[in-house]
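If you want the building blocks of each chain, they are given just below.
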Amino acid sequence: MKAIETKQLRKSYGKTEIVKGISLTVEQGEIFGFLGRNGAGKSTFINMLTGIIHPTSGSFSLLGMEGGDNMAKKYIGVMPDYANLYGSLTAMAHLKYFSALSGKPAAKAVCMEVLQQVGLDEHYNKKTAKFSFGMKKKLGIAQAIIHDPELVFLDEPTSGLDAESVLHIQRLIRDLQKRGKTIFMTSHNLNEVEKLCTRIAILKEGRIVQSGSMDELRAAFRSTINVNIKHSPIPASQQESLHQWLEEAGSNLELNDGEITITVESEQKISEMIRAFQQCRVEIYRVHVKEPSLEDIFLEL
Amino acid sequence: MYEIGKREFINLFKSFKSITIVVLILTASFYSAKFSRLFEGEAKDFNGTDIQYLGLLVLIVLFGTIFIMSLSHDTISREIHERTIRFLVTKTSRASIILGKFFGILLFWVICLFTSFILIGIFTQRIDWFIFFQTMSSLTFQIALTILVSVLVPKPMVTMFLGTLIGILFPILGFWLMTTERVWAVWIKYITPFYYLEQPNFSFLVIFLFSAILLLIASFILNRRDC
Ligand SMILES: Nc1ncnc2c1ncn2[C@@H]1O[C@H](COP(=O)(O)OP(=O)(O)O)[C@@H](O)[C@H]1O
Ligand SMILES: [Mg+2]
Chain U
1 MKAIETKQLR KSYGKTEIVK GISLTVEQGE IFGFLGRNGA GKSTFINMLT
51 GIIHPTSGSF SLLGMEGGDN MAKKYIGVMP DYANLYGSLT AMAHLKYFSA
101 LSGKPAAKAV CMEVLQQVGL DEHYNKKTAK FSFGMKKKLG IAQAIIHDPE
151 LVFLDEPTSG LDAESVLHIQ RLIRDLQKRG KTIFMTSHNL NEVEKLCTRI
201 AILKEGRIVQ SGSMDELRAA FRSTINVNIK HSPIPASQQE SLHQWLEEAG
251 SNLELNDGEI TITVESEQKI SEMIRAFQQC RVEIYRVHVK EPSLEDIFLE
301 L
Chain W
1 MYEIGKREFI NLFKSFKSIT IVVLILTASF YSAKFSRLFE GEAKDFNGTD
51 IQYLGLLVLI VLFGTIFIMS LSHDTISREI HERTIRFLVT KTSRASIILG
101 KFFGILLFWV ICLFTSFILI GIFTQRIDWF IFFQTMSSLT FQIALTILVS
151 VLVPKPMVTM FLGTLIGILF PILGFWLMTT ERVWAVWIKY ITPFYYLEQP
201 NFSFLVIFLF SAILLLIASF ILNRRDC
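Residue numbers (the numbering used here), protein chains in the order written: chain U, 1 to 301; chain W, 1 to 227.
Be aware that one or more of the hints could be misleading.
[Claimed, not checked] Derived lysine-lysine pairs resembling PhoX-like cross-links, with alpha carbons at most 25 angstroms apart:
id : chain 1 : residue 1 : chain 2 : residue 2
1  : U       : K178      : U       : K2
2  : W       : K17       : W       : K6
3  : U       : K104      : U       : K126
4  : U       : K178      : U       : K74
5  : U       : K7        : U       : K20
6  : U       : K126      : W       : K14
7  : W       : K189      : U       : K127
8  : W       : K6        : U       : K104
9  : U       : K126      : U       : K96
10 : U       : K195      : U       : K2
11 : U       : K136      : U       : K108
12 : W       : K17       : U       : K108
13 : U       : K104      : U       : K127
14 : U       : K2        : U       : K104
15 : W       : K17       : U       : K74
16 : U       : K108      : W       : K6
17 : W       : K155      : U       : K136
18 : U       : K108      : U       : K130
19 : U       : K96       : W       : K6
20 : U       : K127      : W       : K34
21 : U       : K74       : U       : K108
22 : U       : K204      : U       : K7
23 : W       : K14       : U       : K130
24 : U       : K178      : U       : K204
25 : W       : K155      : U       : K126
26 : W       : K14       : U       : K96
27 : U       : K127      : U       : K96
28 : U       : K130      : U       : K74
29 : W       : K6        : U       : K127
To be clear, the hints were calculated from the coordinates, so they are not data collected in a lab.
Throw the hints in and build the complete structure from the sequences for me.
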């Protein structure tokens, strides 16, 4: 059974199509990262899966249940991108109310435990009208996991939080996965997704432009390995031929005194290059290889 | 559904506005009961019913809509406006949100009406259950109408305005329907609750059916709405 399966999911507002036919599969136990710039359509997509908005066309299933099936709601937890809380209720009251709504009323001790997990235990008895943005976000995460769901949707769980809280929440997400839960999260923070997610889809203008594990994404973009070599002076007699060799080996060649920078397409080229240097009796002091980060991949698309 | 209803019910009891209205209705029943005792024999037996209970029915038919609208016009529109509804629709079905809200509000009014009838009953030594259920049917319809308005218009400011407007116009419409001779008005008569409340028989049960239809429409609309 797949945790999530979507087929040609689309959403239009009026004549503008926001989500342009997304088909993807998320296995159980994954942390799936949905990455894209602001306005790419991440929230629109996630809101369709969680039943907040209706797809214009296409279909999906969650945990083997047909999309829109109210039965599935018991097993999923959702932190929407934007929603106010009830200002007159305390954090604890929220969790009690929401867990009961999910059909799994949580005891006070359980609520406290979840509040502690998100770092809100000290404020359990405070009305949310007095909550800061970050505190509201944490309570948003708490209510998404209070009923111990199998599949958790988190729409930008860490954006707008301070550095310490970000780490806290990231640890929580990993713990959820360790307990066998599936997490589908969106983010526009590349580092976070890179660190956390088992698989990633990159969304651009409502379309998935690339998806796979981090390694697969990097492999797909191997064409951009950046190599920087520090070396001993090149003998005058060899300069001409070595330069010519380098010109043919890669692109973006930069030659400085005792240092070259070049972009090559494969790792093979790096070893060939080292051999070429040695044949010309040039000593290599240091090789610095910069693989594309997700950021580079992302910007390239 | 149960949880949403419970919260709605408790919120109504907590609000100052609703307590004011309850006190108003209870005071009205108290005085109508007391007043009727002064005219014992004369005031009794109007169409075979106690006039003081009839007074309460008229009060609810005329002012019930505006009472209920003023208290609950935003029961769903505020949730949509504040997007708190997102927490609800991701946990339960939209139909159970509608039903939960409906039963929560209904329970509040049942208790309020029941207390009024008991209060009058203490004075008159008799409770007219027929009028009680007639009045209940009117309240049920008005609550369902309020919920429909709250679903149709997702802005609390607009539902407040609309609710007040309907609260004033609806009884006027009812009064006009009762007195008008126009032929084309007849069919309107049959789809509004007033006609059925006038009858001294169980035809008021039709009003419960109307309420169910209003709730079905509200549920249908909310089901299709993006939150
Ligand atoms: N209800 C709506 N009506 C019209 N356009 C919308 C609506 N909701 C979102 N959009 C548009 O859809 C695009 C994608 O929004 P969103 O899914 O929130 O992006 P992301 O979450 O990736 O930042 C944006 O251009 C936004 O303006
Ligand atoms: Mg978003």
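The hints, checked one at a time:
no. : hint            : result
1   : K178/U x K2/U   : holds (18 angstroms)
2   : K17/W x K6/W    : holds (18 angstroms)
3   : K104/U x K126/U : holds (23 angstroms)
4   : K178/U x K74/U  : holds (21 angstroms)
5   : K7/U x K20/U    : holds (11 angstroms)
6   : K126/U x K14/W  : holds (19 angstroms)
7   : K189/W x K127/U : violated (49 angstroms)
8   : K6/W x K104/U   : holds (16 angstroms)
9   : K126/U x K96/U  : holds (14 angstroms)
10  : K195/U x K2/U   : holds (23 angstroms)
11  : K136/U x K108/U : holds (19 angstroms)
12  : K17/W x K108/U  : violated (32 angstroms)
13  : K104/U x K127/U : holds (23 angstroms)
14  : K2/U x K104/U   : holds (24 angstroms)
15  : K17/W x K74/U   : violated (36 angstroms)
16  : K108/U x K6/W   : holds (19 angstroms)
17  : K155/W x K136/U : holds (23 angstroms)
18  : K108/U x K130/U : holds (21 angstroms)
19  : K96/U x K6/W    : holds (13 angstroms)
20  : K127/U x K34/W  : violated (45 angstroms)
21  : K74/U x K108/U  : holds (20 angstroms)
22  : K204/U x K7/U   : holds (18 angstroms)
23  : K14/W x K130/U  : holds (20 angstroms)
24  : K178/U x K204/U : violated (30 angstroms)
25  : K155/W x K126/U : violated (28 angstroms)
26  : K14/W x K96/U   : holds (19 angstroms)
27  : K127/U x K96/U  : holds (14 angstroms)
28  : K130/U x K74/U  : violated (30 angstroms)
29  : K6/W x K127/U   : holds (19 angstroms)
In this structure, the earlier hints numbered 7, 12, 15, 20, 24, 25, 28 are contradicted, and the remaining ones agree with it.
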